[in-house]
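Visitor: Sequence order for the protein chains is A and B. Mapping of the first sequence onto the working numbering: residues 9 to 287, in sequence order. Mapping of the second sequence onto the working numbering: residues 871 to 1123, in sequence order.
Do not rely on the hints blindly, as some may be mistaken.
What the hints assert, rightly or not - The calculated label-pair distances, taken between Cβ atoms and stated as ranges, are:
(1) L895(B) - I105(A): 11 to 21 Å
(2) L119(A) - V899(B): 20 to 30 Å
(3) S116(A) - A1029(B): 43 to 53 Å
(4) F989(B) - R83(A): 45 to 55 Å
(5) F989(B) - E54(A): 13 to 23 Å
What the hints assert, rightly or not - Away from chain B, derived, C-beta distances all over 12 Å, residues of chain A:
(6) R121
(7) T128
(8) V181
(9) R197
(10) D232
Hints are computed from structural coordinates only; laboratory data are not their basis. Even glycine gets a Cβ: it sits at the ideal position worked out from N, Cα and C.
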Amino acid sequence: MSPGAVRGARARATGVAALPRPGGRHLLGRVLPLVLPLLFVALVWEACSRWAQTEEMPGLAEIGAAFVAILGSPRDLAGVSASLWRMAAGFALGLAIAVPVGLAMGRSPALARALNPITTMVYPVPKAALMPIIMLWFGIGDLSKVLVIFLGVSLPLLYHSYQGARSVDEKLVWSARAMGMRAAPRLVRIVLPGALPEVLLGCRVGIAMALITMVSSEMIARQDGAGELLFNALDMAVYPEVYAMILLIALIGLGLDFGFERLRRWLVRWSDTLQANDA
Amino acid sequence: MNRVRSSTAWYWLGSIWPVLLVLALWQGVTAGGLIGPQLLPSPLAIAERLVERLQQPEFLFQIGQTLIRLGLGFAIALVAGMLLGAAMALGGERWLGPLVRLLAPVPKIALYPGLVLLFGYGHASKVALVVADVVFPIIYATYHGMRSVQPKLVWSAQAAGAGAGATILGVLLPSATPSLLTGCRIGLVIACINVFLAEMISSTDGLGHLLIVAARSYQVVDMFVPLVLISLIGLCLASALQWLRNRLPAAAA
């Protein structure tokens, strides 16, 4: 708690020393902020594992071997890729339904007044917990699993599309209307591009939610897929495999987030408003 | 006086009518026999069952188990998140930033089997899951809140002779409060959801476990009761924090 720390905080608060972007122009500068924390977590884990000496906390070598074994097993890979396909289907369904509804809410105050209280009520419902009820309705097949993921992703997509459509420049919409453009094309050609930066932020949250809903609903239903593999390893007491599956799912999560963030920055490179929006 | 009260009641009714409409439709469809009660019980039947269950000590014990995990996990996440967020805002960004950015997007629920291995099937693994998921919104809220302090406030405090500690406690922390309350609101809902899911995945007690028990014996009303209750708990906690944030003096907001 030195005076220097407070001075540092003040310098940042003025915005002069804005948040340094992770990494510079050099490749090393880009890669180090990713690799160093990874290395740190791995070292802490290995140290704890050597110190604890229990079966429940296997070392990195064992986890690595189990990881390679999972990647080499066609059955496990098929389960994981089936999960990823369901995730993509649920997310696509969310894009097709929640984004247009959210955009329409942003342009129509009456619709927003009607739907906002409902979204507020639905927001704290644990969506993956609906899995047993949805399975009761639609059976144990893929349909139930895709529907649960759809429910998990729709609220963030809806909310961000709504906020994005509200922030669209009114003059653009008026001009389009004055030139005789109808409501539906206006939504697609004026509102959607204007709201795109915010919609894409919603997509980023939605992708994270899709993975979380997928894993948790599969752990609850225990039918097949990544979540089932994860919990099966625990039930069979194959501890290194438990951690290897966790590592695989974490890497999928990080990879999707990293990849989508690059796509997002490229898609909205024309927009100056949301470039600085990190995290 | 009376007039004012009735007008707020009308305003309230005016804003929640869509929810009432959905509930009325749901009631109509189920009471009219379009959907059988073995698939979807009516909202009145669920409410009736919830009130009945709330009078049973065994059910209250299950709620207690869930609330203990929720409260303990949230409290630990709040303290740890505020300390880490403050450390990041006060110059630790270089060291903590990359680590937080790496761990924040990891789907925490996937860690749960590992947490069960490390902490057992009891309270500790659920509390650990809540901490792992809630700590990140709190870190970000504290960090962004403290970073957005108006510099003139810091200057005035220093000109008035405040030391580093007094500046942090007297200026930076109060200014970060609105942001922190928003972080807490998000964190509490995440905590409710995580506790419930963890109890569904592997537990011998708690509200989530009750849903699984009911699902095994196809007691559909009993499946809805814990789900409705945890959602109501999340909704109440979120509304309470929103209310608290709105009551902050305008200068702080």
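Visitor: Now look at each hint and say whether the structure bears it out.
Guide: Consistency of the hints with the structure:
At about 19 Å, the beta-carbon gap between L895(B) and I105(A) stays in the expected band of 11 to 21 Å. Distance hint check for L119(A) and V899(B): the Cβ-Cβ separation is about 23 Å, which falls inside the suggested range of 20 to 30 Å. At about 51 Å, the CB distance of S116(A) to A1029(B) agrees with the hint of 43 to 53 Å. Between F989(B) and R83(A) the Cβ separation comes to about 30 Å, which falls outside the hinted range of 45 to 55 Å.
Taking the beta carbon of each, F989(B) and E54(A) are about 20 Å apart, inside 13 to 23 Å as hinted. Taking the minimum C-beta to C-beta distance to chain B, about 8 Å, the non-interface status of R121(A) is violated against the 12 Å cut. Listed as outside the interface, T128(A) is inconsistent with that label: its C-beta sits roughly 8 Å from the nearest C-beta of chain B, within the 12 Å cut-off. In this structure V181(A) is separated from chain B by more than 12 Å, as the shortest Cβ-Cβ distance comes to about 25 Å.
Annotated as non-interface, R197(A) keeps its C-beta farther than 12 Å from every C-beta of chain B; the closest such distance is 30 Å. Against chain B, the non-interface label of D232(A) holds: every CB pair exceeds 12 Å, the least being about 16 Å.
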